[in-house]
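Undergrad: So the chains spell out like this:
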Amino acid sequence: MPILTITLFLPLLGALVVLFLPREDADRIRRVTLGFALATFVASLLILPRFEYGRREIQLIEQAAWIPAVGIQYKVGVDGLSLVLVLLTTLLTVLSVLYSFREHHRVKEYNLLFLLLETGMLGVFFALDFFLFYVFWELTLVPMYFLIGIWGGPRREYAAIKFFLYTLVGSLAMLLGILLLYFHLPAGQRTFDVLEILRQRPLAGTGLLAQLAFWGFFLSFAIKVPMWPFHTWLPDAHVEAPTAGSVILAAILLKLGTYGFVRFSLPLFPEVFHQHALLVAGLAVVGVIYGALVAMAQTDLKKLVAYSSVNHMGYVMLAVAAAAYAYGRPELADAAATALNGATMEMLAHGIITGALFLVVGVIYDDRTHTRGVEDFGGLWAVLPKYGAVSITAMFASLGLPGLMGFVAEFLIFVGSFSIIPVFTALAALGVVITAAFFLWTIQRIFLGPTNPRWAHLPDLDRREMWTLVPLVVLMVVFGVYPKPLLDIINLTSSQLVAMLR
Amino acid sequence: MPLDWAYVAVFALVGAGMAALPLGLVWLLAPRSHYPQKRVAYESGIIPFGEAWSQFHVRYYLFGLAFLLFDIEVIYIYPWAVVLRELGAFAFVEMLIFLGVLGVGLAYAWKKGALEWV
Amino acid sequence: MNWADLRWLVPELVLSAAAVLLLVADLFTPAERKRWLGWFAVASVVPAAASAVILLGDLQALRSPGVRIFSDTYTLDAFAVYFKLVALGAVALVSLVSLEYFPGRTPHLGEVFALLLFAGVGLLLMASASDLILLLLSIEFVSLSSYLLAGFLKRDPKSNEAGVKYFLYGAATTGVMAYGFSLLYGLTGSTSLYDIGPRLGQAGPAVYLAVGMALAGFGFKVSMVPFHQWTPDVYEGAPTPITAFLSVGPKAAGFAALVRTLSVGIPLEQVNWPLLLAALSALTMTVGNLLALVQRNLKRMLAYSSIAHAGYVLMALAAWRSPWALQGLLYYLLAYLFMNLGAFFVAMVAADATGSDEIPDHAGLSQRAPWVAAAMAVFMLSLTGIPPTAGFFGKFYLFAAAVDAGLLWLAALAVANSVVSLYYYVGVLRALYLMPPATPGPLPVPAGLRAGLLVALVGTLAAGLYPQPVVLFVETARRLLTG
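Residue numbers (my numbering), protein chains in the order written: chain A, 92 to 593; chain B, 2 to 119; chain C, 712 to 1194.
Hint data in this document are derived by calculation from the structure and do not stem from the laboratory.
From a predicted model like this one, the values you see are computed outputs, not experimental measurements.
Backbone N, C-alpha and C define an ideal beta-carbon position, used for all residues, glycine too.
The reader is advised that the hints may include incorrect statements.
Claimed, not checked - Below 20 Å or equal to it, Euclidean Cα-Cα: the simulated SDA-like pairs (lysine to any residue) are: (1) B:Lys112 <-> B:Phe64; (2) B:Lys113 <-> C:Lys865; (3) B:Lys113 <-> C:Phe739; (4) A:Lys199 <-> A:Leu104; (5) B:Lys113 <-> C:Leu732; (6) B:Lys113 <-> C:Glu743; (7) A:Lys575 <-> A:Leu136; (8) A:Lys199 <-> A:Leu129; (9) A:Lys575 <-> A:Pro140; (10) A:Lys199 <-> C:Pro1147; (11) C:Lys869 <-> C:Asp1063; (12) B:Lys113 <-> C:Arg744; (13) A:Lys575 <-> A:Arg146; (14) B:Lys113 <-> C:Leu864; (15) B:Lys112 <-> C:Lys745; (16) B:Lys112 <-> B:Leu70; (17) B:Lys112 <-> C:Phe739; (18) A:Lys199 <-> A:Glu115; (19) B:Lys113 <-> C:Ala736; (20) A:Lys253 <-> A:Thr323; (21) B:Lys112 <-> C:Glu743; (22) A:Lys199 <-> A:Leu125; (23) B:Lys112 <-> B:Ala67; (24) B:Lys113 <-> C:Arg746; (25) B:Lys113 <-> C:Val731; (26) A:Lys199 <-> A:Leu110; (27) B:Lys112 <-> C:Val731; (28) B:Lys113 <-> C:Lys745; (29) A:Lys199 <-> A:Asp118; (30) B:Lys112 <-> C:Leu732; (31) A:Lys477 <-> A:Trp558; (32) A:Lys199 <-> C:Trp1082; (33) A:Lys477 <-> A:Asp457.
What the hints assert, rightly or not - A short list of chain C residues far from chain A (calculated; beta carbon distances all over 12 Å): (34) Trp714; (35) Leu717; (36) Ala742; (37) Arg744; (38) Ser775; (39) Thr817; (40) Asn871.
Just chain A, same shape as in the assembly (with noise of 0.2 Å):
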C-alpha cells in the first residue's frame, strides 16, 4: 500500500469532495474536512508501524514516471526528520480544523484551502524530486494568502501580499539553484532526483557557481525560516491571519525553511555553507536575542507570541549554522548530531508549544473578549481555571522550563552547538533569560494580580477548545518528560547527515 502517497493526496481529495458541497450545508462542510483531516492522520500514523526504525537513509519510496523527458519524476519517501515533522503536520492540521469550527465567514472556500495547505506542506516533507519539492514548496503560498487576505484581520490584504511577495522571491532564487545544480550533472544523466543530486554534489568544487546556489536556497529558506534580517513579514502576517492560520503558519510553514536548511543547505554545500557558518550563526543569534527584546516590548498578544518565533526559530538556525561549521572536523561529529537532535526536537516543541501559543489567544480574543492587549487582562486564572492552566503551560514551555518539551530541545541545542561555537552559544543563551522574563511577566500581567471586572463572567474552555488544547499540552508534557521515543527516530537523519558531513 503506498502509504506516503495516500496520506500526500487524502487532503486533495478532501478539498475536491469540499468543491462539490453546496456552499450553504457549511456544517456538512466543516464535517467533511475535519474527517479528511482525521483520516490523513491516521494515514501517517501507519507510516509508523512500517517505518525500519535501523535505518538512517531515506525509506518507504514511492515513486514513478512524471515528466521523463527531462528526468522529473513524482518520488516520495521519509526518514527520521520528515516523519516527525509529518506527524506534526497532519496533527496540527486536525486540531486547527476542529478550531475553526467558529468560522461563519465563507466556510467552504476556508475548509477547501485548509485541505489544500496540509497536501502542500506534506509533500515539502515527503518529495525526492527537486522539482516535485519546488511544486509543493508554492503550493503552501496560495492558500495561505487566500486564508490571511479572506478571514484576517483589519490590515489583512497588506499583510497577504507581503507574505506572498516575500516567500516568492526567495523560492525563486531557489529555482535558479535548482537549475544551477541540474545542469551541473553530466549531460544524459540529468535528473531532478534528490537522492541522486546529494549523492552528486554537482556544483562542489565550482566556486562561484556553488555560492551562488548556496545564497539561492539560503534566501529561499531563510525568508521562510524566518531569520534576522528577513523576519519583517512575520509579524504582519501573524497578527493578522486568522487564529487557525497562524497556528499553521508557526507550527508548519517556518519549519519548512528549516527542514530546506537540514536535508538541502547542509549536505548539498557542506564547504559553502562551512565557510559561512559563522555569518549565519551570528544571524541566528541577532535573532535569538533581537526576537525576545522585541517580544518583550509588545503589548499585543498575538505579535509578542509571533516574535517569540523569531527568537525560537533562532535557536535552530544557530544549531543548524553549528553543525555546519562542524563540517570536516570528525572530533566534532558528536556534537554537531547533537545540536541537529536538538534542531529537529526544537522545530517540533516549536510547533507544538506556539500551535498552541496562538490558539490560546485565539480562544480569548477571538470569542470572548476581542481584545489581545496584555494590558486589558489581570487576574484572569481566577476567572477561567482551565484556561489559565492550559495557558501557563505552554507559555513555561515556551520559555524552557525543565520537564516540557521546550527545555529537551533548547538543552541540546545549547549542548551541542557550545563546543562548536562557543561564544554564539553564550550570546543566545542570553536570549533564554529574556524569554524567560517576557514569558513570566506576560503570566503575571493576564494571569495573575487583580481581576479585571469587564472579564469576571467569561465563561471557560468548552468541550471543542478543550480538544483541541489539551492534545499538545500532553505532548508538551509526555515528550518533556520522556523524549526518547522522538529522539531515537530523529537522530537517524542527525547521525546520517553528520556522517556525510565529516
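Since chain A is already given, all that's left is putting chains B and C on it; use the hints.
TA: Just chains B and C now, with coordinates in the frame of chain A:
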C-alpha cells in the same frame, strides 16, 4: 567595415542626386514666366469651380477601391496569358480560382450595396 | 510546381475555403440565423487542425525533417505544425466566445468570423514561411485582418482608436521590416532563408542594419520593446475577444516567424543575435512589468503583462545555444494561449456584469460567480508562474534555458520581474476574492463563454500537471528545426 559604410554613403548620395539633379536642371534651364492662370489648379483644361476642400461622398471611395481592385487584377492576367501554354492546366485552374475569389468579392460588394450610388 | 505539392497546404486551403464560403453564406443568411456562421467558423477549424496533424504523420512516415515546396518558399515541419495548431486553437476559442460577444454589438456578424478565419490563414502561413516575400505577405495578411477586427465596433470611439493606431503603427513597422528584407536581398541576392544563411558571409554594418530593421516588424507583432507602444491602447480599445486573439495568435505566429528567420536565415556565428535579443528581452520584460504595476484597467494591465511575457519568451532566443531554449519557447506559447485567453474570457464575463473593465469594479466576483473567479485565480497564478500550472512549467523551461546557456543575469532579472508581476496579478485576485461585491446575486455566464473558459482552464491545468506529451512534441520540433 568602413568600406561598407562608404557604399551606403555613396548609395545615399547618388540617390539624393538622382532626385535633385533634374529639379536643379529645370530650375537652371527652363524659361519662366508668371501670369495669374498659372496659379490655378489643373483640371484637364476645364476652368475649375468651387473649393478644392469640398467633401466627397463616402461612396466615392468604395467605387475607387473596387475600380482599383479590378484594374490591378489585369496586371496579373497579362503575364499569365503569356506563359499559359507552357504551364498548362495547372495555371488555367489557378487563374479560375483567382478570378473566382475576385468574383466573390464583387458579389459581396454588390450584395452589400456598395455599387449603388444613392 | 506540381499538383501533389498542394497537399502540404491542405490546412491553409481548408481554412481559406471556409472563410470564402462563410463570406458568401453571410450574404444570404438572415440576421437571426447569423450565429450559425460562428458555429461554422468554429467547426471549420477542426478539419484544418486534423489535416495538419495528418500531415505531421505523413512527414514522419517519410522520415523527413520537413518538406520545402514552391521553390523553398514554404516549409512544413513539426515546428510549423505546432504553431499551426496553436493558431487554430486561438481561432477556434476566440470564434467561440465571439458568438456571445458580437451579437447585439454589431450587425455585421458574418464578417467577424470571416476575418478571424482569414487571419487564421495568415497565421498558418507565417508558421511555414521560409522566404522573405511569403513572410512579408503572410504577416501583412494577418495584420490587415487584425486592423479591421480591432476597429470593428465602428460606433465605439475606443475601438476606432484601436483600429487606427494598430494600422498606423503596423504599417510603419512593416515598412521598416520590408526595407530590412530588401537589404538582406541586396546582400545575398536571394529571398529564400535557406540561401540567405550561407551567402551572408562576413557580417558588416549592413547586415546588422538589415537584422535590426527586420526585428522592427517582428517586434511589432510580438509586442517587443521598443515596438510595443501600440499594445495598451489597442488592447484596451479593441473588442475583448479580438484583444484576446491578438494577444495569443499573432504573437505566437510572430515568434514562429522570428525564430525561423533568425535560426535559418541568420547564422549566429556571423551575427551575434542572441546577445542582441538578451538585451531586448531584459528591456521588454522590465518595461512591461513596471508599467503593468500601475494599471487599473484589466485590459490595459493584460496588455502590459503581454509585453512582459514577450520579454520572457525572448529569453529563449537569447539562450538559443541551449537545447532547452526552443522547447521552452514552444511550450510557453502553448501555456500562454490557454492562460491568457482564459484571462480575457473572464474579463468579458466581468465586464458584462459590471459594464466596466476597471479592476476594482470586479470586486467580489468570487461571491457572484465562484467558478469563473476560481478559473481567473488559476489564470493569474499561471501568468505569475506559480505551480502546478502551465505558466509555471513554461517559466521553468525558460529559466532552465537561460541557466543552461550561462545567462544567469538574465534569469535573475526574470526572477525579479516575476516577483513584481505577482503584485499586479494578485491585485486582480484581491478584487475578486478579498473585496466584497458591490451588487450581490449570481452572475449569468453565457454558454459559449463557459465552454471557452472550460477549455482554457483545463488546458492551463493539464499542461501544468502533466506536461510530458507536450514536452515530447516540442523536443521533436526542436530537433527537426535545429538538427
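Undergrad: Has the given pair, Lys199 (chain A) with Leu129 (chain A), been kept, meaning a C-alpha gap of at most 20 Å?
TA: holds, 18 Å
Undergrad: Compute the least Cβ-Cβ separation between Ala742 (chain C) and chain A, then decide whether it is above 12 Å.
TA: holds, 41 Å
Undergrad: Does Lys113 (chain B) pair with Phe739 (chain C) here, judged by a C-alpha cut-off of 20 Å?
TA: holds, 11 Å
Undergrad: Mind checking the alpha carbons of Lys199 (chain A) and Trp1082 (chain C) for me, to see if they're no more than 20 Å apart?
TA: Between Lys199 (chain A) and Trp1082 (chain C) the Cα gap is close to 13 Å, so the pair holds against 20 Å.
Undergrad: Would the hint linking Lys113 (chain B) and Glu743 (chain C) be met if the CA-CA limit is 20 Å?
TA: holds, 17 Å
Undergrad: Find the nearest Cβ of chain A to the Cβ of Trp714 (chain C) and say whether that gap is larger than 12 Å.
TA: holds, 39 Å
Undergrad: Closest CB-CB distance from Leu717 (chain C) to chain A, is it above 12 Å?
TA: holds, 35 Å
Undergrad: Straight-line Cα separation of Lys869 (chain C) and Asp1063 (chain C) no greater than 20 Å?
TA: Roughly 17 Å between the alpha carbons, so the hint for Lys869 (chain C) and Asp1063 (chain C) holds.
Undergrad: Using Cβ atoms and 12 Å as the threshold, tell me whether Ser775 (chain C) really stays out of contact range of chain A.
TA: Per Cβ check, Ser775 (chain C) is outside 12 Å of chain A; nearest 23 Å; holds.
Undergrad: Between Lys199 (chain A) and Asp118 (chain A), does the CA-CA distance stay at or below 20 Å?
TA: holds, 10 Å
Undergrad: Given the hinted pair Lys112 (chain B) and Phe64 (chain B), is their Cα-Cα distance within 20 Å?
TA: holds, 14 Å
Undergrad: Could you grab the alpha-carbon distance between Lys113 (chain B) and Arg746 (chain C) and see if it respects the 20 Å cut-off?
TA: holds, 19 Å
Violated hints for the displayed structure: none, as all numbered hints are satisfied.
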